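Asks: Keeping the supplied structure of chain A fixed, place chain B with the ligands upon it in accordance with the hints.
If you read the protein sequences in the order shown, they are chains A and B. With numbering that gives the first Met the number 0 applied, the first sequence covers 0 to 246. With numbering that gives the first Met the number 0 applied, the second sequence covers 0 to 307.
Keep in mind that the hints were calculated from the coordinates and are not lab data. Only true hints are included.
Here are the computed lysine-lysine pairs in the DSS-like style, where the Cα-Cα straight-line distance is at most 30 Å: (1) A/5 x B/122; (2) B/129 x A/5; (3) A/241 x A/5; (4) A/12 x B/122; (5) B/135 x A/5; (6) B/135 x B/122; (7) A/12 x A/241; (8) A/12 x B/129; (9) B/180 x A/5; (10) B/122 x B/180; (11) A/12 x B/135; (12) B/135 x B/180.
None of the values given here were measured: they were computed from a predicted structure.
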Amino acid sequence: MRALWKLTLIGAKLYLREPVAAFFTIVYAPMMLILFGSIYGNTPSPLFGGRGTIDISVPAYIGLIIVTVGLMSVPIAVATRREAGVLRRYHATPLRPVIYLTADVLVYFGMTLLGVVFLILTGRIGYNVHFDGNWVSVLVGFSLGTLSFFAFGFLIAGLAPTARIAQTVGMVIAFPMMFLSGATIPLEVLPATVRELARLIPLTYVVTLLRGLWAGEAWSEHLTEVVVLVGLLVVGTAISAKTFRWE
Amino acid sequence: MDTIVQVEGLCKTYGATVAVDEISFEVQEGEIFGMVGPNGAGKTTTIECIEGLRRPEGGSLRVLGLDPQADGYDLRARIGVQLQESSLPDRLKVWEALDLFASFYRRSVDWRSLLDQLGLADKCSAPFGKLSGGQKQRLFIALALLNDPELIFFDELTTGLDPQARRAMWDMVRDTRARGKTVFLTTHFMEEAERLCDRVAIMDHGHIVALDTPEQLIRSLGAESRVVFSIEGDFASESLSESLQVLATVSRVEHAGERVIVYGKGDTLVGEVVNALTSRGTRFRDLRTEQPTLEDVFLTLTGREMRD
Ligand SMILES: Nc1ncnc2c1ncn2[C@@H]1O[C@H](COP(=O)(O)OP(=O)(O)OP(=O)(O)O)[C@@H](O)[C@H]1O
Ligand SMILES: [Mg+2]
Numbered sequence: 000m001r002a003l004w005k006l007t008l009i010g011a012k013l014y015l016r017e018p019v020a021a022f023f024t025i026v027y028a029p030m031m032l033i034l035f036g037s038i039y040g041n042t043p044s045p046l047f048g049g050r051g052t053i054d055i056s057v058p059a060y061i062g063l064i065i066v067t068v069g070l071m072s073v074p075i076a077v078a079t080r081r082e083a084g085v086l087r088r089y090h091a092t093p094l095r096p097v098i099y100l101t102a103d104v105l106v107y108f109g110m111t112l113l114g115v116v117f118l119i120l121t122g123r124i125g126y127n128v129h130f131d132g133n134w135v136s137v138l139v140g141f142s143l144g145t146l147s148f149f150a151f152g153f154l155i156a157g158l159a160p161t162a163r164i165a166q167t168v169g170m171v172i173a174f175p176m177m178f179l180s181g182a183t184i185p186l187e188v189l190p191a192t193v194r195e196l197a198r199l200i201p202l203t204y205v206v207t208l209l210r211g212l213w214a215g216e217a218w219s220e221h222l223t224e225v226v227v228l229v230g231l232l233v234v235g236t237a238i239s240a241k242t243f244r245w246e
Numbered sequence: 000m001d002t003i004v005q006v007e008g009l010c011k012t013y014g015a016t017v018a019v020d021e022i023s024f025e026v027q028e029g030e031i032f033g034m035v036g037p038n039g040a041g042k043t044t045t046i047e048c049i050e051g052l053r054r055p056e057g058g059s060l061r062v063l064g065l066d067p068q069a070d071g072y073d074l075r076a077r078i079g080v081q082l083q084e085s086s087l088p089d090r091l092k093v094w095e096a097l098d099l100f101a102s103f104y105r106r107s108v109d110w111r112s113l114l115d116q117l118g119l120a121d122k123c124s125a126p127f128g129k130l131s132g133g134q135k136q137r138l139f140i141a142l143a144l145l146n147d148p149e150l151i152f153f154d155e156l157t158t159g160l161d162p163q164a165r166r167a168m169w170d171m172v173r174d175t176r177a178r179g180k181t182v183f184l185t186t187h188f189m190e191e192a193e194r195l196c197d198r199v200a201i202m203d204h205g206h207i208v209a210l211d212t213p214e215q216l217i218r219s220l221g222a223e224s225r226v227v228f229s230i231e232g233d234f235a236s237e238s239l240s241e242s243l244q245v246l247a248t249v250s251r252v253e254h255a256g257e258r259v260i261v262y263g264k265g266d267t268l269v270g271e272v273v274n275a276l277t278s279r280g281t282r283f284r285d286l287r288t289e290q291p292t293l294e295d296v297f298l299t300l301t302g303r304e305m306r307d
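Isolated chain A, as found in the complex (with noise of 0.2 Å):
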């Protein structure tokens, strides 16, 4: 218990030591929120349902921030540590790889939520946004995404050799995915066959659901997005449980 709560604080401290992962996580939505909200207000648009601009783009921003975080963080973090020989380090030790493995999620969960709280406070604070949603609701739907995108970064990392392999594929499929999912432009000012696209794109159904879940939508309303992510998380983890190696 004691390594696990001392490998979370120590995770947490480097990964705010990291000025560009920190930047990214805590800094880079918030500010987008406001460049945004800037230019278009949070004046309601029948466009999205009679929602402001600021409205839909918090919950849909915290996608960017679970796909920042998932596929850049992770796998550069944890192929990094294990190519320059930290996790060899900590091999020699007692500890169990599913403290390591906890500690290293309950580090970017955090991190992420980090991230989100600020989004949110922006957005609070800056534009009044509305919130017609269940709390426990988005926390559990941020909760789902966040680990199913956890699960694909740790699948990368695993399956990729190097850290630079991990790097690369990371955001090789996190830059499209950020543009053709809704998280930073909205779908609903994109052309029909970026709309089937995206339906292809994970991410899409992060942002989806949250959306929703923020509007005050049912979850019966998202059993899609609810199944898509749950099968990505499973077939994640199993995956990255299976090429867990310390060096």
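Replies: Coordinates of chain B with the ligands only, in the frame set by chain A:
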């Protein structure tokens, strides 16, 4: 004394490379056991199989009564490990590393005193990435001692350390043994093996080619002493060589310019050489003798002549 590490027929291959080829040996409780050998001899592979970090292909291992593969976690709770190659996150501070690793063990020694002992106290808040090579090495040694282990492995104990730090590590290792612990180390420094180890195994190409106390290794190989001196002026090399070569204790004479090296065995070698020189009236200076060392044994056993 009890056997603390028992290795029987250990084998390990990487693809086509046979890294360790059916070696057997034992380490006794309370001794400093050393392993030397050229690069790629299989030392790290052997030591990491014993620590349970690598899976051997064959043979049986018993360490502190445990099977390193099946009981790896129990074993690693009781041993200390300094790896030849490992790392820590660059931004992790020295004290954080010690505090973190201490949490992995049920009980651990006070890491502040370890830092003092290893001369790292002033680097307590320095990030790992900003430490010098020798400071990193000392931090890894501190991590290996953190759980007050019964058996400690040092894979290249003093690589990267300055002479002063090296002596300090020797004292630390001797002190560890004095407290009843067992030490298993590898080194490339023959002087270190000779001075520090109770027994030394010489490894080459995955085999143990010799294993004994340093004195016994030197004696059994019949390595030769040397008498080295310079002569002045009129160097009639042929006749000088001849008059030295006839001595019973001398096996060979080498000379390069003024410098002469006489190889031979026996306690009377120096006396006989000096006598011969004096009676010939040869003037010499800078005479010294060199006793055979583990280095000579090592070269004899693993040198090219032996290999090809
Ligand atoms: N992980 C690995 N994968 C493939 N080959 C390896 C691996 N580790 C070691 N080897 C090979 O096994 C042999 C023994 O290596 P090992 O590291 O055990 O030698 P060593 O005696 O510790 O050498 P050194 O003095 O350089 O540390 C070498 O030929 C090396 O190339
Ligand atoms: Mg080695």
